[in-house]
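Residues in the sequence shown are numbered consecutively from 1, following UniProt numbering.
Just so you know, these hints were derived from the structure itself, not from any lab.
There's no promise every hint is true.
DEER-style ranges, computed between Cβ atoms [stated by the list, open to error]:
| no. | residue 1 | residue 2 | range |
| --- | --- | --- | --- |
| 1 | A377 | T280 | 26 to 36 angstroms |
| 2 | A35 | P190 | 21 to 31 angstroms |
| 3 | A144 | E256 | 53 to 63 angstroms |
| 4 | E366 | G102 | 35 to 45 angstroms |
| 5 | V237 | G380 | 47 to 57 angstroms |
| 6 | V237 | V2 | 20 to 30 angstroms |
| 7 | D274 | E374 | 24 to 34 angstroms |
| 8 | G102 | V237 | 11 to 21 angstroms |
| 9 | P190 | A362 | 51 to 61 angstroms |
| 10 | Q192 | R273 | 37 to 47 angstroms |
Remember, it's a predicted structure, so these values are computed and weren't measured experimentally.
We treat Cβ as the ideally placed atom computed from N, Cα and C, and that holds for glycine.
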Amino acid sequence: MVQSVSAALARRIALAAQGFGRRSAATPGIRQLDALVNRVELLQIDSVNVFERSHYMPAFSRLGPYDKAQLDRLTGGREARFTEYWAHEASFLPLDTWPLFGWRMQHYRDEAAGTSDNWAAGNRPMLDWLLAELAEKGPLPASAIEHDANKRSGPWWGWSDVKTGLEVLFRWGDVVSAGRRRFERVYGLPEQVFPAELLDRRVDRADAHRELISRSARAHGIGTAKDFADYFRLKSVPALAAVRELEEAGELIPVEVGGWGGPGAAGAAWLHRDARLPRTLDAAAVLSPFDPVVWERARALRLFDFHDRIEIYTPQPKRVFGYYVLPVLLGDTIVGRVDLKNDRQSGVLRVQAAWAEPDAPADTAERLTAVLRETAAWQGLDEIAVVGRGNLAAALASELV
């Protein structure tokens, strides 16, 4: 008989699997940061820095204020325990995850080889030259490579041929990330960056999919096959095959979740055997728009009845909630959203807009005020200023007086 799980319990399971509800009073250090990233499996990287870069946010949301330099130590340099690859978009991920994407690297190579108009097919000399340059000089960012083709083209975000070539090689696994300098990726040959035992590991496609789905399911706690597949951007057919194998092995337990649909529907769900089933969970955090809890819109709607939308690339007149909008998690529910700007020059955290969800509790503004004060302190900001936009703005401004 298939086990039934209430929608409320499913929500708590999902948050607990992501590391919420276990915050300590102690300041997080290297050990706690390492454990968290291994729990959530990846940190999505994004260049937008109007408030804070997205990969720094999940640890703050779950653990509280921490020294960002310690996360930098884990993602680059001699002590690095994480690397980068195209997992769920560009992401930091544990070192031992990198070989699980060998099949994706090969797919990118085959894709380039199969089309004559592909950039790589027409620029093989550039790719060979870049590999030789890194072999001779060691890891380098694109900006430090001297070549006539290292000039931007088109708009400000246009890549030079040098940058394009490095990114092609990065997708193929022929170069890897050796860390970042002022957020710019440093490229190196795999043997310059990774230990030999990692380079020698080969994982076939089916085994890699099974392991990736296993890791995704642990990070979700509970979810659909589509949820698990999306975490690492896997195709639905091999992902579902991996889910079935893990179900047969007893790692995934089929469940019915209230409001998600039955076993034969698109909402069929599985519970990871190691998932915590908390009776209560009380979190208080703002979430990056690229946080795993909310990045898949259908799941955010299913779990929290929260219609998420990222409006960074939406023209200003068409934005509904704001530019860099962070969901607000209180208790085990998303109760609102705030558009934040880090005014570093003035030392002010600017709340450009504040919105409450329809069923937000009466103490939302009060609890959010405490979260924002902690957020400002973490960012080294002395003040919080609220712009009067949004149905929560007035109450929030009143609490901050």
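Now the hints, each set against the structure:
{"no.": "1", "hint": "A377 x T280: 26 to 36 angstroms", "result": "27 angstroms, holds"}
{"no.": "2", "hint": "A35 x P190: 21 to 31 angstroms", "result": "26 angstroms, holds"}
{"no.": "3", "hint": "A144 x E256: 53 to 63 angstroms", "result": "56 angstroms, holds"}
{"no.": "4", "hint": "E366 x G102: 35 to 45 angstroms", "result": "51 angstroms, violated"}
{"no.": "5", "hint": "V237 x G380: 47 to 57 angstroms", "result": "48 angstroms, holds"}
{"no.": "6", "hint": "V237 x V2: 20 to 30 angstroms", "result": "23 angstroms, holds"}
{"no.": "7", "hint": "D274 x E374: 24 to 34 angstroms", "result": "31 angstroms, holds"}
{"no.": "8", "hint": "G102 x V237: 11 to 21 angstroms", "result": "19 angstroms, holds"}
{"no.": "9", "hint": "P190 x A362: 51 to 61 angstroms", "result": "55 angstroms, holds"}
{"no.": "10", "hint": "Q192 x R273: 37 to 47 angstroms", "result": "40 angstroms, holds"}
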